[in-house]
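Taken in sequence, the protein lines are chains A and B. So in full-length UniProt numbering, the last one in the first sequence is 675, and the numbering has no gaps at all. So in full-length UniProt numbering, the last one in the second sequence is 675, and the numbering has no gaps at all.
Calculated directly from the structure, the hints in this document are not laboratory data. Hints may contain errors.
What the hints assert, rightly or not - Straight-line Cα separation of at most 16 Å, EDC-like style, residue types lysine to aspartate or glutamate; simulated pairs:
| # | chain 1 | residue 1 | chain 2 | residue 2 |
| --- | --- | --- | --- | --- |
| 1 | B | Lys438 | B | Glu448 |
| 2 | B | Lys620 | A | Glu146 |
| 3 | A | Lys571 | A | Glu648 |
| 4 | B | Lys87 | B | Asp105 |
| 5 | B | Lys237 | B | Glu146 |
| 6 | B | Lys620 | A | Asp143 |
| 7 | A | Lys87 | A | Asp105 |
| 8 | B | Lys549 | A | Asp105 |
| 9 | A | Lys549 | B | Glu631 |
| 10 | B | Lys87 | B | Glu109 |
| 11 | A | Lys549 | A | Glu648 |
| 12 | B | Lys549 | B | Glu612 |
Here the structure is a predicted model, which means the values were calculated and not measured.
There are 2 protein chains.
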Amino acid sequence: MQQTDPLVIFTPSGKRGRVPRGTRILDAARSLGVDLDSVCGGRGICSKCQVQPAFGRFDKHGVIVAEDALSCFNAVEQRYDEKRGLKAGRRLGCQAEILCDVVIDIPPESQVHRQVIRKAADARPIVMDPATRALMVEVARPDMHEPSGDMERLNAALKAQWNVSAATAPLPVLSRLQEALRTGGWQVTLALHQPEGTPPRVLEIWPGFYDGGLYGLAIDLGSTTIAAHLTDLSSGKVLASTGAMNPQIRFGEDLMSRVSYAMMNPGGAREMTRAVREALNGLARDIIDQTGTDPRAVVEATLVCNPVMHHLLLGLNPVELGQAPFALTVSGALSLDAAHLGLSALNSAARVYILPCIAGHVGADAAAVALSESPQTSEDLVLIVDVGTNAEILLGDRQGVLACSSPTGPAFEGAQISSGQRAAPGAIERVRIDPITKEPRFRVIGCESWSDEPGFAEAMAETGITGICGSGIIEAVAEMRMAGLVDSSGLIGSAAQTGTPRCRPEGRTHSYVLFETEDQRIAVTQGDIRAIQLAKSALYAGARLLMDKRGVDKVDRVVLAGAFGAHISPKHAMVLGMIPDVPLARVTSAGNAAGTGARIALCNRMARRDIEAIVRGITKVETAMEPRFQEHFVAANALPHASDPFPELARDVQLPQISFNSAHTEGGRRRRRRG
Amino acid sequence: MQQTDPLVIFTPSGKRGRVPRGTRILDAARSLGVDLDSVCGGRGICSKCQVQPAFGRFDKHGVIVAEDALSCFNAVEQRYDEKRGLKAGRRLGCQAEILCDVVIDIPPESQVHRQVIRKAADARPIVMDPATRALMVEVARPDMHEPSGDMERLNAALKAQWNVSAATAPLPVLSRLQEALRTGGWQVTLALHQPEGTPPRVLEIWPGFYDGGLYGLAIDLGSTTIAAHLTDLSSGKVLASTGAMNPQIRFGEDLMSRVSYAMMNPGGAREMTRAVREALNGLARDIIDQTGTDPRAVVEATLVCNPVMHHLLLGLNPVELGQAPFALTVSGALSLDAAHLGLSALNSAARVYILPCIAGHVGADAAAVALSESPQTSEDLVLIVDVGTNAEILLGDRQGVLACSSPTGPAFEGAQISSGQRAAPGAIERVRIDPITKEPRFRVIGCESWSDEPGFAEAMAETGITGICGSGIIEAVAEMRMAGLVDSSGLIGSAAQTGTPRCRPEGRTHSYVLFETEDQRIAVTQGDIRAIQLAKSALYAGARLLMDKRGVDKVDRVVLAGAFGAHISPKHAMVLGMIPDVPLARVTSAGNAAGTGARIALCNRMARRDIEAIVRGITKVETAMEPRFQEHFVAANALPHASDPFPELARDVQLPQISFNSAHTEGGRRRRRRG
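Kindly produce the complete structure, drawing on both the sequences and the hints.
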């Protein structure tokens with residue numbers, strides 16, 4: 001470039017350089033490696049390359065930009081402005097030419113790799129770099145004297161106009177190429193899939209310029225529930241989220257019962273495969289219908305799940321996952337045709353990316369949590385717990401990350417609880433018990449008021465109070481512990497011991513009645529407490545085992561992940577001893593981190609390579625075969641713990657030192673009161 | 001290597017080198033780049049690595065080989081010899097160790113890249129290098145403490161034992177991996193597909209050592225007939241060949257009538273796609289059943305066909321091929337899942353390779369002929385004619401190759417001929433006419449005798465004489481021309497003009513009766529002669545057009561390809577002026593060169609890359625739009641030709657100078673007799 005060539009400075013990147021006078025802004029951006037979007041390839045159609053030139057004196061950049069630094073509106077830009085309207089000051093990057101020194105701002109919506117803010121306040125944004133993009137190309141007409149196929153000329157155009165080499169197209173897409181080219185006057189828009197390290201593939205073709213957007217589904221396939229998020233692959237925006245029960249529940253509530261089902265029933269695994277594929281496809285169809293999205297525009301899905309769900313979805317026998325050495329058939333990430341998973345609701349050529357599994361008990365869902373929470377870049381030692389039917393646990397920092405899973409069972413999700421139910425309208429989700437009166441108040445999903453506030457009864461008339469969900473039972477048990485209704489061993493006291501008639505005998509144990517009408521009673525039974533104790537002991541023992549492996553006695557912070565994690569109060573979790581003792585302020589919720597991980601992998605193709613590398617680097621710990629896991633499990637049975645001190649918890653909460661064990665009741669009480 | 005290390009010399013390659021004492025022969029071969037087969041990877045199971053050591057003094061190699069140059073039989077070799085028997089003097093290359101200088105011969109059957117002799121005597125052999133090979137691997141058992149998937153451990157084993165990286169497996173194959181590994185004691189044999197330039201893919205898995213062989217189908221999909229050759233992918237041997245009619249015939253006899261059908265009938269193209277896919281699959285099923293082959297072992301197919309068949313098979317609309325500029329949807333080679341073409345009779349993960357098309361009228365069948373006949377390496381200028389419903393014509397030598405197709409129509413295949421039929425028992429296939437008596441004699445398919453030989457009548461009692469096939473009608477017309485029954489314009493003379501009562505009036509023209517009984521008459525009509533004239537004119541005009549483009553008036557040799565080419569007598573073809581004048585000895589038949597090309601692509605993966613490059617280098621000529629084609633066509637209507645001299649033909653055959661045109665009969669006769 002000549003010294004006399006105009007200087008162009010792009011913001012916010014700060015990239016600058018001289019370009020020949022008359023260079024189009026889009027070309028200048030491309031030659032300087034500035035991220036400026038375009039779908040139509042510079043034909044003045046898509047308007048994705050809109051930029052905002054700035055005029056005047058810029059000391060910071062050392063330039064003065066004259067009013068006539070850019071060419072005037074040409075016919076194309078004029079027509080675009082008249083028809084569709086350009087915002088004041090905006091120019092089409094593919095039309096406006098650089099005549100003199102100029103400063104050009106690329107607004108976020110004109111960047112391919114724009115950043116998308118996640119919901120969680122302190123989370124890093126997602127950088128858009130989807131594997132599938134819409135690209136418009138102008139294809140040469142066929143020439144009898146230089147015969148070549150439409151597909152070959154399309155590839156030549158892709159190379160010349162987008163520097164894309166050797167794209168392939170599946171047969172059904174290829175069969176639509178002819179007509180699209182001829183209808184579109186030899187211009188077509190492609191949904192071009194370019195994952196890292198594999199040849200590009202045309203997933204869809206539209207004649208001419210297609211502006212309907214491309215979409216993907218981020219799917220979190222849990223043992224109990226399936227969640228899908230329909231995401232715009234250009235903006236990263238979630239258009240809609242939807243969920244459904246995993247129909248495999250009818251074959252077994254938890255993972256191991258489904259593995260047993262597969263083991264005991266010939267064809268059982270295939271039955272479960274069919275069920276989950278149908279459910280996924282139905283969910284996809286629903287969300288696509290609800291949003292009025294064109295199914296042809298839904299070109300990708302990413303999927304996270306635990307290893308048993310993973311194998312059942314893929315049609316792989318899960319039986320090996322039920323017994324040592326818990327061998328996965330395939331652990332690496334998988335890229336598949338959606339059609340091969342029966343996902344016919346999507347584009348027929350849509351691709352599915354399944355995140356890698358970490359180990360036989362630690363699945364792609366845990367990998368997704370790692371992708372979302374990045375423990376491998378954490379400065380302080382973070383414990384990440386994804387609570388579901390199985391708990392996945394990650395512990396680590398920059399020095400390294402360990403992972404395990406722990407068989408908590410479905411108690412945390414309201415299953416195996418006498419009045420338990422899944423989180424749905426009518427379920428008690430929050431509980432408070434007055435330490436003096438021992439009277440409860442609670443909140444129910446679907447109603448903003450607490451049960452002792454005005455308007456609650458009217459609101460309840462509609463949904464009724466149907467049961468207690470996972471977060472509700474955790475709060476209930478923790479509140480009972482704090483109110484002196486449950487002792488550290490997990491025993492519920494009698495009415496006499498606790499001083500409230502809500503503690504009612506039930507066989508040889510007691511229950512605490514939360515809510516009662518003439519024909520309904522919702523209570524926390526001794527069995528419920530035991531179920532929660534088993535679940536939380538497993539969770540705590542898993543975390544403790546990782547801490548042993550890492551050689552530490554405490555962690556710096558705790559992240560609760562899982563849709564459920566968002567609803568657990570840190571204080572209540574710690575009263576139960578679900579998680580190791582840390583300052584309460586250092587317990588945060590990451591929301592549905594697995595779902596977020598799936599969404600990141602959907603929006604950023606490099607993230608796929610990242611998580612594959614991260615997973616390879618994780619130290620895997622198999623809880624089932626570690627003798628210390630049993631020790632930790634037994635010790636963690638107490639509320640909060642038999643031996644580990646909880647000094648941070650003690651700063652905030654004084655737990656009553658009581659014991660309701662009938663054999664030692666008096667002695668126990670006395671001893672402790674004296675101590 | 002030390003100077004004192006033993007020297008090993010491999011024959012027939014002559015490769016030599018020193019290896020450490022105790023090196024196994026297989027390892028020595030691998031390190032020296034000697035082609036020595038192994039499926040079991042050196043476990044003494046497959047015996048593919050059998051070698052023949054030679055002992056004594058070898059002046060040629062400058063070594064003396066002692067009797068104890070190799071280690072004695074070890075336990076593995078001993079067991080193998082006892083159980084399955086080693087030929088005298090043979091050793092297992094994976095067991096015998098090199099102790100002193102030795103000469104080792106690799107017999108052809110122990111070479112991976114062995115040469116397979118083709119049927120045609122002067123053709124180059126096929127070098128075996130199939131895209132899919134059987135490989136046995138020993139996979140590490142799962143380790144709970146270093147968890148990884150079976151597939152990941154399989155890949156690690158492939159890398160360590162076969163230097164194969166990052167193989168993938170389709171889901172149905174992956175779903176069988178678990179069981180195969182556990183049944184096979186962590187040893188499995190894979191059908192590993194490794195085409196040039198794409199990642200390896202596991203097409204099938206067998207527990208332990210699998211010795212059943214791998215097979216492929218070479219398919220020649222013609223407009224009229226489909227032929228399939230079941231081929232052993234290790235030896236290159238054709239186990240069986242079979243053929244069937246193309247069921248698309250019911251939609252139209254020739255290509256253009258099928259294109260019309262697609263154009264005029266909505267869904268017509270889809271109907272034809274379904275028909276041909278079903279026929280192909282049926283053919284595959286038949287040949288697999290007949291030979292008792294395990295369908296799982298049939299892992300590949302290669303396919304050649306003309307562009308219309310190509311598009312209809314792939315489900316691409318052929319309508320564009322029926323009108324200028326004759327644009328193909330895709331012209332390059334295609335690699336597909338057999339399942340996507342409905343070929344369910346093969347292994348469910350089988351792959352299909354379709355050779356590239358040359359142009360809108362010159363298909364993958366012509367490419368296969370080029371692969372088989374290699375005009376691009378010919379020292380002299382060769383004209384290759386593949387005669388079918390459409391004729392594909394190649395002209396070239398080392399300087400370059402030109403190609404075109406010519407619309408001969410189905411007359412050469414016996415269609416559009418009054419007594420015409422396809423080549424099947426009962427069809428007259430050869431004809432001779434006595435120039436003096438004008439009496440015919442002929443041979444019929446299914447009988448070795450000529451019609452004037454003893455035993456013919458008895459043989460015919462069974463099949464009957466049902467019609468006349470393509471080669472029969474060509475010979476009949478040529479013989480009629482030589483016997484003075486037809487003049488150079490193609491007119492059949494009257495009984496008076498020719499002196500034989502076999503010439504009978506039929507409306508305003510005449511027929512020549514070849515065979516007659518009370519209720520049957522097989523004759524060559526004037527219409528038949530016209531049909532043959534149109535077909536041969538098209539063929540000759542195409543060849544002449546390529547010669548014009550090349551700037552030559554004659555060619556050095558002619559190759560007749562096509563199943564039909566094998567049955568045309570060069571002399572008769574030239575009497576008709578089907579092909580340019582060359583010495584008769586320089587007209588050869590390449591048999592089914594398209595089928596051979598398909599077989600080469602099946603047996604040698606590099607041949608696929610070769611033909612793709614050859615096709616890119618071919619100069620394509622579109623006959624339909626060349627004004628000179630019409631001129632050549634009109635001039636070629638005469639028998640043999642109106643203006644081109646046929647001096648080489650004249651050396652062998654004196655054609656009567658006659659004319660039966662009633663308007664000029666006398667004058668014409670006189671003029672020519674005087675000339």
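Exercise. Taking 16 Å as the top limit, are the C-alpha atoms of Lys549 of chain A and Glu648 of chain A close enough?
Worked result: Not satisfied, since the Cα-Cα distance of roughly 23 Å exceeds 16 Å.
Exercise. Is the hinted pair Lys87 of chain B and Glu109 of chain B satisfied, with a Cα-Cα distance of at most 16 Å?
Worked result: holds, 13 Å
For this session: Measure nothing beyond the straight line between the CA atoms of Lys438 of chain B and Glu448 of chain B; if it is 16 Å or shorter, mark the hint as holding.
Result: violated, 23 Å
Exercise. Going straight from one Cα to the other, do Lys549 of chain B and Asp105 of chain A come out at no more than 16 Å?
Worked result: Outside the cut-off at roughly 58 Å; violated.
Exercise. Between Lys620 of chain B and Asp143 of chain A, is the straight-line Cα distance small enough, at 16 Å or below?
Worked result: holds, 11 Å
Exercise. Is Lys571 of chain A within 16 Å of Glu648 of chain A, Cα to Cα?
Worked result: holds, 10 Å
For this session: Decide if the proposed pair is consistent with the structure: Lys549 of chain B and Glu612 of chain B, CA atoms, cutoff 16 Å inclusive.
Result: Measuring from Cα to Cα gives roughly 23 Å; hence the hint is violated.
Problem set entry | Pair hint outcome, Lys620 of chain B versus Glu146 of chain A [Cα-Cα no greater than 16 Å] | holds, 7 Å
Problem set entry | Holds or violated: Lys87 of chain B to Asp105 of chain B, with C-alpha atoms at most 16 Å apart | holds, 14 Å
Exercise. Does the alpha-carbon distance linking Lys237 of chain B and Glu146 of chain B stay inside the 16 Å limit?
Worked result: Since the Cα atoms of Lys237 of chain B and Glu146 of chain B sit roughly 45 Å apart, the hinted pair is violated (cutoff 16 Å).
For this session: Starting from Lys549 of chain A, check that the Cα of Glu631 of chain B is at most 16 Å away, please.
Result: violated, 89 Å
For this session: Measure nothing beyond the straight line between the CA atoms of Lys87 of chain A and Asp105 of chain A; if it is 16 Å or shorter, mark the hint as holding.
Result: Answer holds: Lys87 of chain A to Asp105 of chain A is near 14 Å, not above 16 Å.
The structure fails hints 1, 5, 8, 9, 11 and 12 (numbered hints given earlier, in ascending order).
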